[in-house]
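Visitor: Single-letter residue listing:
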Amino acid sequence: MKAAQQIPRNALAWIILCQVLLLAPHALRVPAWLLVLYLAAFGWRVQLYRDRLAAPARWLKLVLIGAAMAGIGWSYGSLIGLEPTVALLLAAYALKLVESVSRKDAYVLIFLGFFLLITEFLFSQDLLIVLYAVVVAWLLTTALVALHRTGEGFELAPARLAGVMLAQAFPLMLVLFFLFPRIGPLWNVPIRAHAAQTGISDFLRPGDVARLTQSTDVAFRVSFEGEVPRAADLYWRGLVMSVLEDDTWRSLRFFDLPPSQRRPAPVQTEGEPLDYSVIIEPTQQNWLYALRYARPRDGGVMALADYTLYSPAVLESERRYTVRSWPEAVIGQELDPWRQRLETRLPEGGNPQSRALAAELRAAVDSDEAYIDRVLALFREQPFRYTLQPPLLGAEPVDDFLFGTRAGFCEHYANAFAVLMRAAGVPARIVAGYQGGEINPMNGTVLVHQFDAHAWNEVWLAGEGWVRVDPTAAVSPARVEFGLETAVRGEGSFLADSPLSPLRYRGVDWVNALRLRYDALTYRWQSWVVGFDAEQQVELLGEWFGRIDAKRFIAVLLGAFGVVLAVVALSLLVRAGPRRDPVARAWGRLRRRLVARGLPVYAGDSPATALARARIAFPGSRVELDALADDFTALLYRPGAGGDLRQLRARLRKLRLRRRT
Amino acid sequence: MDLRERLRARFRRWLARRIPPARQVTLDQRRIFIFPSRVGFFFFACLLVMLLAAINYQNNMSYALTFLLATLFVVAVLHSYANLSGLTLRSLRAGEGFPGQTVPFTIGLACANRRGHHALWLGFEDDPQAVSVSVLPERATTVTLYREAGPRGPFRPGRLRVDSSYPLGLLRCWTWVDLDLVGLAYPRPRPYPEPLGADNGQPRGRPSPRPGEDEFFGLRDYRAGDRLRQVYWKGLARGQSLQSKQYADAAASLDWLDWDAFPGVDTERRLSFLCQQCLDLHRRGRRFGLRLPGNQLAAGAGDGQRDRVLRALGRFGAPARGDRGEGAA
Chain L
1 MKAAQQIPRN ALAWIILCQV LLLAPHALRV PAWLLVLYLA AFGWRVQLYR
51 DRLAAPARWL KLVLIGAAMA GIGWSYGSLI GLEPTVALLL AAYALKLVES
101 VSRKDAYVLI FLGFFLLITE FLFSQDLLIV LYAVVVAWLL TTALVALHRT
151 GEGFELAPAR LAGVMLAQAF PLMLVLFFLF PRIGPLWNVP IRAHAAQTGI
201 SDFLRPGDVA RLTQSTDVAF RVSFEGEVPR AADLYWRGLV MSVLEDDTWR
251 SLRFFDLPPS QRRPAPVQTE GEPLDYSVII EPTQQNWLYA LRYARPRDGG
301 VMALADYTLY SPAVLESERR YTVRSWPEAV IGQELDPWRQ RLETRLPEGG
351 NPQSRALAAE LRAAVDSDEA YIDRVLALFR EQPFRYTLQP PLLGAEPVDD
401 FLFGTRAGFC EHYANAFAVL MRAAGVPARI VAGYQGGEIN PMNGTVLVHQ
451 FDAHAWNEVW LAGEGWVRVD PTAAVSPARV EFGLETAVRG EGSFLADSPL
501 SPLRYRGVDW VNALRLRYDA LTYRWQSWVV GFDAEQQVEL LGEWFGRIDA
551 KRFIAVLLGA FGVVLAVVAL SLLVRAGPRR DPVARAWGRL RRRLVARGLP
601 VYAGDSPATA LARARIAFPG SRVELDALAD DFTALLYRPG AGGDLRQLRA
651 RLRKLRLRRR T
Chain A
1 MDLRERLRAR FRRWLARRIP PARQVTLDQR RIFIFPSRVG FFFFACLLVM
51 LLAAINYQNN MSYALTFLLA TLFVVAVLHS YANLSGLTLR SLRAGEGFPG
101 QTVPFTIGLA CANRRGHHAL WLGFEDDPQA VSVSVLPERA TTVTLYREAG
151 PRGPFRPGRL RVDSSYPLGL LRCWTWVDLD LVGLAYPRPR PYPEPLGADN
201 GQPRGRPSPR PGEDEFFGLR DYRAGDRLRQ VYWKGLARGQ SLQSKQYADA
251 AASLDWLDWD AFPGVDTERR LSFLCQQCLD LHRRGRRFGL RLPGNQLAAG
301 AGDGQRDRVL RALGRFGAPA RGDRGEGAA
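Quick note, the sequences are listed as chains L and A, same order.
Take the first sequence: its position 226, counting from 1, is numbered 226 in our numbering, and each next residue is one higher.
Take the second sequence: its position 318, counting from 1, is numbered 318 in our numbering, and each next residue is one higher.
Accuracy of the hints is not assured; some may be wrong.
Unchecked claim - Here are a few chain L residues that face chain A, going by a calculated C-beta distance under 7 Å:
| no. | residue |
| --- | --- |
| 1 | 130 |
| 2 | 148 |
| 3 | 189 |
Note that these hints are calculated values from the structure, not bench results.
Yeah, the Cβ is synthetic: ideal placement off N, Cα and C, and Gly gets one too.
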């Protein structure tokens, strides 16, 4: 192969660097053997460059491709889905490097690199990931430039040029980004089948959890249009669990409901509504969180019969929805007999002590309200404690909890409370969601973290509908008033799993300020860039251009391109003229000064002859003029012989033309 | 085929009007053509796939990256153009040689701006071979390209193709310049018969002796090409090394290469004979002159004289171009 057709060494180095950077964010998602494959590919390619190894033969290539596909199928259990597809692309990327010898292959490597950048965005569009991707895009462009340069030694010029070109392209990209019509998906694409679901799970089985894992991830961010309610009132309802089977609570499935019960019963709204918008992080689940009683304000969000919100599409990426809530509204004013039966049903037998306790307590009071107070008083007065590391419960979990361990977190209390209520015939259920949140003073948004996950109860009372009761608040009022961190301060278990999380260092002012500032930025980023959709586009463009029509769009598009390209062209073609000699420039300035002071300087004059006349005209500055004449002569006629341009400029600055000594 | 030829001819005429021949050309927007390269189209295809991914996943950052690359392509148009723009090409030396020889053409490239001209490929039209060169900012360099000399007479190597896909390879930027390069093919040397009236055309009673063999002058070592008659056989017989006899007029006497010495022979053949004669005389280190109809070259010796004579022979009968095709410019 001709040397001219080979990948230049510089370009190869840039490409390998890009490959490492492209792999890095995927590294935790792909099987470990893929990383080994990359190392082997780099080793082979370098040996190939040094002529120590030959390029792989055709059969070997086919074997390697087959092996990579089989390996991915084995690691993921299938080749279909986003993760296996990305792993396959990454494997192909590693193998392609080994067989890349000519420039043509290098183009494939670089363009595939751009495509892999996009796959990273399918997993996360976090601000930091995007900044990282910008750097990688810059390096890929650098590799593309280096591919066309002939310089032998290492040079940074390609990086500079690539940076300049990307910077020039950036404003045009913005124009396209905001003007390009956002249309719906053209066909179904493989989704993230292998991603772990995060957030609240759709069942609750308190006896099995010995240790609540806490994640510092943000679950969602809320921006209120008015004032933010008190933290103790922020009960973000997600799931309502009405069915208790095998010591496990779960929510009703759509087909569990009789057709007449599938739609939420109308609610009489009263009191001041709260308007807010939520940006929820991807959960791979369908439910959305809101304060009660919530009505969605935009399409694509369903209201379920138990007054929760539901997204028909799995939340695979950040999602923004707006809600209006009436906290004072009564929900479930009328209780259907079917529901009445459902919400009071307990499994046959089991937990005899608890049933006996419920019967005894209910008999002692004359109303359901009084019974609730009595049970809450029980939690308060008996030595129950709030802990994130509860002991395991046995075969009769509620009995064990109420009469044995008496230690647990929200799920334990919600479970025990609901069982006690139902045992006494009071309709009760568990609500899972988040409680509280942190107000970011930078932008007023409420930050709800995964560790704010909470479970509480709703009890139905005649005339009041479903009423929220939080038994955890009875045991640990701090949990609700001040959040988890304060509630478990004595135990030291808060965020025990994440020693490096900035949330643990909330006490350190600057760390906290930085964290909140970054989060405010993330919110802005998510609401304006990541969450930019057709609806926002219409709103924004309508605001900018008054009315939306194609002619105007094309005019704006062409106008913006014209302006930017004209600026680029000017900078490329006009400013690029030859540099004027700095000595000649300095002489030009001095000459103008002399002429302005009335000293004639002729076209043929050298600085020395002109200055010789000047020292007669300005005897007061004779010494300085002589020194300047020497400097000019040295710089102009003996280049490289010790003339000092800086000294010359300093002298020129200091020069005062004085006629008198 | 015919249509293709006609289109080609048309294109040449158009090109000749647009970029007329000149010994020095500075590239500007009149002379530079630009079009996406094959890689550029491949890039477009990749962008399309990326756009589909962005649409199907409703992923705004994918949109942003796709648009960034698309606009990078647009910006690259200007950068590709700027890479060629301002490049000054000058014809420095047109080659000369015998028919069939590859002869060099030297072209000067100069950069007047602060960016330089990178990864240029230079080649003559119809010639797939190209030479890669970069011109550093505010510097100049030279490139030598080779072309095979045709039949005797001045010949043009054709338009020069300057081609570059710098900086991204997505666009090809090129130009066809005619640097008015004219090479020269000498006559093909042929063995010649005994010339008529060799000695200045003055009549003589006896057949004239062969040039350089008049009066014995001395001996020197045999050189390839010396005539057998010149060889000092006696010395060889005595066991001395092979030597040649030198004659008194070898350095001093004058020979004329004369058009009229081969009457009745057609022009090209006659020129070929004169060419061979010239080479012979030069090899023997003699002084010689040239007489052609309407052109006489004063006598001289050495490489310079040989080249002058060969040039005159090569150019014989060609329309006069003043001094322009004279080689070194």
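Visitor: Next step is simple, just say for each hint if it's right about the structure.
Guide: Outcome of the hint check:
At its closest, the beta carbon of residue 130 of chain L sits 6 Å from a beta carbon of chain A; the interface hint therefore holds under the 7 Å criterion. Interface hint status for residue 148 of chain L: upheld, as the beta-carbon distance to the closest one in chain A is roughly 5 Å, under 7 Å. For residue 189 of chain L, the interface hint holds, the least distance from its beta-carbon to any beta-carbon of chain A being 4 Å, beneath 7 Å.
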